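If you read the protein sequences in the order shown, they are chains F and B. If you read the first sequence in the working numbering, its first letter stands for residue 35, the second for the next number, and so on. If you read the second sequence in the working numbering, its first letter stands for residue -14, the second for the next number, and so on.
Rather than coming from a laboratory, the hints here were simulated on the basis of the structure. Please read all numbers here as calculations on a predicted model, not as lab measurements. Any given hint could be a false lead.
What the hints assert, rightly or not - FRET-style restraints, in silico, Cβ to Cβ: (1) Ser13/B / Gly130/F: 18 to 26 Å; (2) Asn52/B / Gly130/F: 26 to 34 Å; (3) Pro64/B / Gly37/F: 24 to 32 Å; (4) Pro140/F / Thr79/B: 25 to 33 Å; (5) Glu49/F / Pro25/B: 19 to 27 Å; (6) Leu61/F / Tyr24/B: 14 to 22 Å; (7) His57/B / Asp93/F: 18 to 26 Å; (8) Lys104/F / Ile3/B: 39 to 47 Å; (9) Gln92/B / Leu61/F: 23 to 31 Å; (10) Ile38/B / Ser56/F: 34 to 42 Å; (11) Gly1/B / Ala115/F: 50 to 58 Å.
Claimed, not checked - Computed footprint of chain B on chain F; a stretch qualifies when at least three of its residues, placed anywhere within it, have a C-beta under 8 Å from a C-beta of chain B: (12) 78 to 91; (13) 134 to 147.
Backbone N, C-alpha and C fix where the C-beta goes; we use that ideal spot for every residue, glycine too.
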Amino acid sequence: DGGITQSPKYLFRKEGQNVTLSCEQNLNHDAMYWYRQDPGQGLRLIYYSQIVNDFQKGDIAEGYSVSREKKESFPLTVTSAQKNPTAFYLCASSSGTVSYEQYFGPGTRLTVT
Amino acid sequence: DQQVKQNSPSLSVQEGRISILNCDYTNSMFDYFLWYKKYPAEGPTFLISISSIKDKNEDGRFTVFLNKSAKHLSLHIVPSQPGDSAVYFCAAKTGGGNKLTFGTGTQLKVEL
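Assemble the whole structure, with the sequences as input and the hints as a guide.
This is the structure in structure tokens:
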């Protein structure tokens, strides 16, 4: 079964701690993306990667970091510098060449208290 | 600066009738548009797309219309079914890249 997995589904952290969200895909897609969803604000792009070992900032990259060491994996670290980390985080991937559709994972709900 | 706008946060329709979801955009460089459907606590799923060289694309019960001069697109769902109740996002892409810009979404409720 091809798809995108995100783990865990729910994550709780104390303020001041860094936390890493996992995203894995077996679709053989070159491009991967991280979005954040807040109520009434739609999906906002955090970081994206068009190819292994390369990534670019999205619209709201401050307080986040990523790595792309493998084609299948694009983990997102929410650092203590992120002022409002509580949100629903979505990972997506796309072929980047065959079509423009992005395929999304099930999301991770992060709650920081 | 919200380049993709969905001005109706919610829409309620009776089962069997037509649902029309609207989306406006400001960036004339957008050349490809997509609609996604999202259930609570799940990732969005792709529904239908349209290239800027077309004005209509149809897939089963779903039709997307694009009016470039008005910078407006709409998604028609006919007939609407209770399972269509979800949040619908429109998204747009500029040429030369794969980044999508999403609207804020419209919550569709299909009532029996």
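Verification of the supplied hints:
no., hint, result
1, Ser13/B / Gly130/F: 18 to 26 Å, "holds, 24 Å"
2, Asn52/B / Gly130/F: 26 to 34 Å, "holds, 28 Å"
3, Pro64/B / Gly37/F: 24 to 32 Å, "holds, 30 Å"
4, Pro140/F / Thr79/B: 25 to 33 Å, "holds, 28 Å"
5, Glu49/F / Pro25/B: 19 to 27 Å, "holds, 26 Å"
6, Leu61/F / Tyr24/B: 14 to 22 Å, "holds, 21 Å"
7, His57/B / Asp93/F: 18 to 26 Å, "holds, 23 Å"
8, Lys104/F / Ile3/B: 39 to 47 Å, "holds, 46 Å"
9, Gln92/B / Leu61/F: 23 to 31 Å, "holds, 29 Å"
10, Ile38/B / Ser56/F: 34 to 42 Å, "holds, 39 Å"
11, Gly1/B / Ala115/F: 50 to 58 Å, "holds, 51 Å"
12, 78 to 91, "holds (count 4)"
13, 134 to 147, "holds (count 9)"
Violated hints for the displayed structure: none, as all numbered hints are satisfied.
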